Amino acid sequence: SAVISQKPSRDICQRGTSLTIQCQVDSQVTMMFWYRQQPGQSLTLIATANQGSEATYESGFVIDKFPISRPNLTFSTLTVSNMSPEDSSIYLCSTRTGAEAFFGQGTRLTVV
Amino acid sequence: QKEVEQDPGPLSVPEGAIVSLNCTYSNSAFQYFMWYRQYSRKGPELLMYTYSSGNKEDGRFTAQVDKSSKYISLFIRDSQPSDSATYLCAMSGTGNQFYFGTGTSLTVIP
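Chains as they are written, first to last, in my numbering: chain A, 1 to 112; chain B, 1 to 110.
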């Protein structure tokens, strides 16, 4: 298994600003995943981050809006840039051990 | 058609009831089937994991997979107020991507 510490747990941000979310894993992992969870919707994969390479973004998500860093095998950040109210959501980081996924506790973002 | 469809709920049951949560899927390549429990303001936590078809039991929880019908279920026996949460089904094939249901909100009333 893997334990992921994610912070901040929640934030209220002004329109046009940026927020960086951090995730720390208690073991070295090859891949980390970033999801968005909106009310009444399934988890939507934003991007996959491998250490030492550019993140791979899913359709509808771009690097300028959601830059990701993966400086080592236990840490990753996701930045939500130039925020608008439509970015209000829960953001989750995740990793996998075998076929099992593990999640951080989530960041509840509200943009006003 | 969505990859994964989950009964929307929400469900409200009395304490001690048997709860049935269900998902259907369209991709026959899925081999790994999971149920996650998510408490309010928390990330999803893995509850049950099943590979391919069959049943798996863990205490009060039983996961069933019927690949021929592309249908998975989670049963909770003797439900407790502490079981009140959102339950997400998830599945994957040989690739890295997971496909999640929308979640079913369960409330167990004391």
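Some hints here could point you the wrong way.
[To be verified] Below are the DSS-like pairs computed for lysine-lysine, each with C-alpha atoms no more than 27 Å apart in a straight line:
| # | chain 1 | residue 1 | chain 2 | residue 2 |
| --- | --- | --- | --- | --- |
| 1 | A | 65 | B | 56 |
| 2 | B | 67 | B | 56 |
| 3 | B | 42 | A | 7 |
| 4 | B | 70 | A | 65 |
| 5 | A | 65 | A | 7 |
| 6 | B | 56 | B | 2 |
| 7 | B | 42 | B | 67 |
| 8 | B | 42 | B | 56 |
| 9 | B | 2 | B | 70 |
[As the list claims (entries may be wrong)] Label-pair distances were calculated between CB atoms; the ranges are:
| # | chain 1 | residue 1 | chain 2 | residue 2 | range |
| --- | --- | --- | --- | --- | --- |
| 10 | A | 59 | B | 26 | 38 to 46 Å |
| 11 | A | 41 | B | 82 | 42 to 50 Å |
| 12 | B | 59 | A | 26 | 24 to 32 Å |
| 13 | A | 112 | B | 16 | 29 to 37 Å |
| 14 | B | 110 | A | 41 | 38 to 46 Å |
| 15 | A | 11 | B | 31 | 35 to 43 Å |
| 16 | B | 3 | A | 56 | 15 to 23 Å |
| 17 | A | 85 | B | 58 | 36 to 44 Å |
| 18 | B | 42 | A | 15 | 49 to 57 Å |
| 19 | B | 78 | A | 67 | 43 to 51 Å |
[Said to hold, decoys possible] To spell it out: a stretch of chain B is covered by chain A in this simulated footprint if at least three of its residues, at any positions, have a beta carbon under 8 Å from a beta carbon of chain A; those stretches are:
| # | segment |
| --- | --- |
| 20 | 38-48 |
| 21 | 86-93 |
| 22 | 100-110 |
Calculated directly from the structure, the hints in this document are not laboratory data. The structure presented is a predicted model; accordingly, all values stated were derived computationally and were not measured. Built from N, CA and C at the ideal position, the CB exists for glycine as well.
For each hint, the structure was consulted:
no. : hint                        : result
1   : 65(A) to 56(B)              : violated (42 Å)
2   : 67(B) to 56(B)              : holds (14 Å)
3   : 42(B) to 7(A)               : holds (12 Å)
4   : 70(B) to 65(A)              : violated (36 Å)
5   : 65(A) to 7(A)               : holds (19 Å)
6   : 56(B) to 2(B)               : holds (26 Å)
7   : 42(B) to 67(B)              : violated (31 Å)
8   : 42(B) to 56(B)              : holds (25 Å)
9   : 2(B) to 70(B)               : holds (13 Å)
10  : 59(A) to 26(B): 38 to 46 Å  : violated (18 Å)
11  : 41(A) to 82(B): 42 to 50 Å  : violated (26 Å)
12  : 59(B) to 26(A): 24 to 32 Å  : holds (26 Å)
13  : 112(A) to 16(B): 29 to 37 Å : violated (43 Å)
14  : 110(B) to 41(A): 38 to 46 Å : violated (30 Å)
15  : 11(A) to 31(B): 35 to 43 Å  : holds (38 Å)
16  : 3(B) to 56(A): 15 to 23 Å   : holds (19 Å)
17  : 85(A) to 58(B): 36 to 44 Å  : holds (41 Å)
18  : 42(B) to 15(A): 49 to 57 Å  : violated (27 Å)
19  : 78(B) to 67(A): 43 to 51 Å  : holds (48 Å)
20  : 38-48                       : holds (count 6)
21  : 86-93                       : holds (count 3)
22  : 100-110                     : holds (count 4)
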